[in-house]
Amino acid sequence: MARTPDIKRRQFLAGAAAAGPIIGLASTTKVVAAETPARAVPAKPQTAGDFNPPQEAQKLVTSGRVGGDFMVDCLKSLNVDYVASTPGSTFRGLQESIINYGMNSKPEFITTIHEEASVAMAHGYAKIAGKPMATMVHGVVGLQHSSMAIYNCFCDQAPAIIMAGNVGNGTQRRPGVEWAHSAHDQGIIVRDYVKWDDQANNLQDFAEGLVRAYDLATTTPMGPVMVVIDADQQEEELEPGRKLFIPKLHQRTQPVADPGALAEAAKLLVAAENPVIVSGRYTRTENGPKHLVQLAEVLQAPVVDERNRMNMPSRHPLNHTERGAAMVRQADVVLALEPMDLYGTLNNVDDLIGRPAKPKIRPGTKVIVIGTTDLNIKPNMGEYERYQAADVGIAGDAENSLPWLIQAIEKEMTPARKSVAMARGEKLKAAGAKFLQAADEQAALGWDASPISTARMSAEVWNQIKNEDWTMASEVGFLSNWPYRLWSMEKHYHTMGGSTGGGVGYNAPAALGAALANKEHGRITVAMNGDGDLMMSPGVLWTAAHHKIPILYIVHNNRAWHQEYMHVQRMAERNQRGIDRAWIGTTIKDPNIDFATLAKSMGVYSQGPIDHPADVGPAIQRAIGVVKRGEPALIDVVSQPR
Amino acid sequence: MITRVWSYAAAALLVSAIASPVAFAQDTPRGNTANGKKLFETIGCFECHGYAGQGGNAGPKLIDPPAYPAFIVQLRTPRNVMPPFTAKVLSDQQAADIYAYISTFPKPPDPKAIPLLQN
Numbered sequence: 001m002a003r004t005p006d007i008k009r010r011q012f013l014a015g016a017a018a019a020g021p022i023i024g025l026a027s028t029t030k031v032v033a034a035e036t037p038a039r040a041v042p043a044k045p046q047t048a049g050d051f052n053p054p055q056e057a058q059k060l061v062t063s064g065r066v067g068g069d070f071m072v073d074c075l076k077s078l079n080v081d082y083v084a085s086t087p088g089s090t091f092r093g094l095q096e097s098i099i100n101y102g103m104n105s106k107p108e109f110i111t112t113i114h115e116e117a118s119v120a121m122a123h124g125y126a127k128i129a130g131k132p133m134a135t136m137v138h139g140v141v142g143l144q145h146s147s148m149a150i151y152n153c154f155c156d157q158a159p160a161i162i163m164a165g166n167v168g169n170g171t172q173r174r175p176g177v178e179w180a181h182s183a184h185d186q187g188i189i190v191r192d193y194v195k196w197d198d199q200a201n202n203l204q205d206f207a208e209g210l211v212r213a214y215d216l217a218t219t220t221p222m223g224p225v226m227v228v229i230d231a232d233q234q235e236e237e238l239e240p241g242r243k244l245f246i247p248k249l250h251q252r253t254q255p256v257a258d259p260g261a262l263a264e265a266a267k268l269l270v271a272a273e274n275p276v277i278v279s280g281r282y283t284r285t286e287n288g289p290k291h292l293v294q295l296a297e298v299l300q301a302p303v304v305d306e307r308n309r310m311n312m313p314s315r316h317p318l319n320h321t322e323r324g325a326a327m328v329r330q331a332d333v334v335l336a337l338e339p340m341d342l343y344g345t346l347n348n349v350d351d352l353i354g355r356p357a358k359p360k361i362r363p364g365t366k367v368i369v370i371g372t373t374d375l376n377i378k379p380n381m382g383e384y385e386r387y388q389a390a391d392v393g394i395a396g397d398a399e400n401s402l403p404w405l406i407q408a409i410e411k412e413m414t415p416a417r418k419s420v421a422m423a424r425g426e427k428l429k430a431a432g433a434k435f436l437q438a439a440d441e442q443a444a445l446g447w448d449a450s451p452i453s454t455a456r457m458s459a460e461v462w463n464q465i466k467n468e469d470w471t472m473a474s475e476v477g478f479l480s481n482w483p484y485r486l487w488s489m490e491k492h493y494h495t496m497g498g499s500t501g502g503g504v505g506y507n508a509p510a511a512l513g514a515a516l517a518n519k520e521h522g523r524i525t526v527a528m529n530g531d532g533d534l535m536m537s538p539g540v541l542w543t544a545a546h547h548k549i550p551i552l553y554i555v556h557n558n559r560a561w562h563q564e565y566m567h568v569q570r571m572a573e574r575n576q577r578g579i580d581r582a583w584i585g586t587t588i589k590d591p592n593i594d595f596a597t598l599a600k601s602m603g604v605y606s607q608g609p610i611d612h613p614a615d616v617g618p619a620i621q622r623a624i625g626v627v628k629r630g631e632p633a634l635i636d637v638v639s640q641p642r
Numbered sequence: 001m002i003t004r005v006w007s008y009a010a011a012a013l014l015v016s017a018i019a020s021p022v023a024f025a026q027d028t029p030r031g032n033t034a035n036g037k038k039l040f041e042t043i044g045c046f047e048c049h050g051y052a053g054q055g056g057n058a059g060p061k062l063i064d065p066p067a068y069p070a071f072i073v074q075l076r077t078p079r080n081v082m083p084p085f086t087a088k089v090l091s092d093q094q095a096a097d098i099y100a101y102i103s104t105f106p107k108p109p110d111p112k113a114i115p116l117l118q119n
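One line per chain: the protein sequences are C and H, in this order. With this note's numbering applied, the first sequence covers 1 to 642. With this note's numbering applied, the second sequence covers 1 to 119.
Quick caveat, the hints were computed from the structure, so don't treat them as lab data. Among the clues, some could well be false.
To be verified - Here are the computed lysine to aspartate or glutamate pairs in the EDC-like style, where the Cα-Cα straight-line distance is at most 20 Å: (1) H:K112 - C:E441; (2) C:K434 - H:D110; (3) C:K248 - C:D215; (4) H:K88 - C:D580; (5) H:K107 - C:E441; (6) C:K243 - C:D215; (7) C:K429 - C:E297; (8) H:K112 - C:D448; (9) H:K37 - C:D448; (10) C:K360 - C:D332; (11) C:K589 - H:E41; (12) C:K366 - C:D341; (13) H:K38 - C:D590.
Go ahead and model the full structure; you've got the sequences and the hints to work with.
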């Protein structure tokens, strides 16, 4: 039975040879089959002669290595540990090479249910692992599925390797869907929001393109890159003696700021009466929080953390994020480190008719910015935000530049200025001591309420993980930032910021990517995940169960896309009509989603819906036990809106 | 999809705007708490202030509310990013009902008595 298809293929060839010279030009079975009508093929063998080998035998098997194997070698050379992917035929060759030639280890194939989840996993993974993982997406359609997650990666300056399948040679495509899944220029689909893309012409070209892509993705400003993996290149047999090589990756350092500019910045900062440090997408490594603390302490200056990364330890006495607006307002020098949106840091634009704008800073305030954000902007999407002038603009990776800035400040610091700084620091510490007390007082409001307050939910989680090694992998602005206010966050992996691009559906898969990176460290990953976000890609729960990725999802189930609820409410009130109708199209009720059952259906331990506050703590405790065994768990908490 | 979150700073401004050192108890109209609850949970109050009036990063707490005149001024002509509830969409009686309801929000427990907040 197994030979039957082979016989038929030979018959195709035999029939094709009889059909005319145009068929004789074809070199593969696929094309012949495409261009040969059924009438040329006998329904079944007619005579013994039909079993004779054709004059030009169709090659049925490969006997050595194939292009996909070489591609695996390329990925191994870059120390890529995982490839997340929803399968697609345009990369079947590479997939087979990963699982058989590479024995599904470094890289390991991580099966996802949606290409958006593949890339969002890579997004979260990179921020915890400190290096990119790869994804494979199906030609055209898979790439389009993944595009929103690629955009989030780009906005967040997170490295990711996206490999998109393609059948580049039209004469090699099977008719029908293979054409629909191929393109002359796949890069154009995502070129507005990748750092670089490449469509290689041959395997050697691919190797050099992949290594270049990795190099670019991991050099600040980091970002996603996309390389096309051509199906013919994946499937071609590598003849013995073929010379292919994999370039060695540059051991590239991140760009450091100009010493002269840093000296100028140091002068301004030391002379300032009220310097303020604003940290954005600053931390990349464990050095990030360490150097930021050193900078704050040498200046005795407050830090206002915009929380795009884990920057300033949350309970450090110079972390004054809690009164950030007041700090910026009274500053005479603002130092912004890798700001995501410098204009927004320094200006308010109120959501009122006419969008009135006013500066947050006083006239005459000096602005220093260190970062690489503006070095990689694209013309179309507005993620680069409004232009904001700075008095001293310094191009350079802020984390790598900070030791040099600290050194310049120490050199500039006189005993008199040091006294001023110490006096300032004492006042700041006294003010900072009140933050925790204020947070506790506010957390107590609605403590026993149902739906459960986001403060209570956060405190209950913290109580269970405070003695563990952990990462809080989700964005928590929609929980009124309670984890930042109630938890002690110190290590560079304790948080990782949000999507930045604002594409909903980021949290659940990005947190799973973080959990994948944490797996080898035995860390507990917690995601306090909005219900609307989780429903964008609920299949991540299956991926978590299938690959036994330990993670605790706490569903912040406010049964709405609550931000949008507030927006529509605002419009109704502004237009003075139907103020009781803003729920239409913004709520996720009737029926309520049963997340525990959803999770169970995909093999994930779950509890809920929980709507009594006293039940939350014990539920989390039980779930943490599951996570410690190396499995995912989910708790559905019916929660307050914010 | 997500736009700028209403800022905590704006919320703080709202607190200062509606807080008043003067008591206006004699000016407080009689309100229907049951109707106030229904309104609170349908016309958007809970969205920023929470079902329990606990507040959050979208709006300040309403537990222990300011005196009624300050409340009604803020409701009708807010001084910050809070959207206005004009008389065209919310009558004076309805406003009084809401005020009656938010005045029933229980005072929070002492945070020092909550073990989870000692971490």
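Outcome of the hint check:
no.	hint	in the structure
1	H:K112 - C:E441	holds (9 Å)
2	C:K434 - H:D110	holds (16 Å)
3	C:K248 - C:D215	holds (10 Å)
4	H:K88 - C:D580	holds (13 Å)
5	H:K107 - C:E441	holds (11 Å)
6	C:K243 - C:D215	violated (23 Å)
7	C:K429 - C:E297	holds (11 Å)
8	H:K112 - C:D448	holds (15 Å)
9	H:K37 - C:D448	holds (18 Å)
10	C:K360 - C:D332	holds (12 Å)
11	C:K589 - H:E41	holds (15 Å)
12	C:K366 - C:D341	holds (17 Å)
13	H:K38 - C:D590	holds (19 Å)
Of the numbered hints listed earlier, the single one contradicted by the structure is hint 6.
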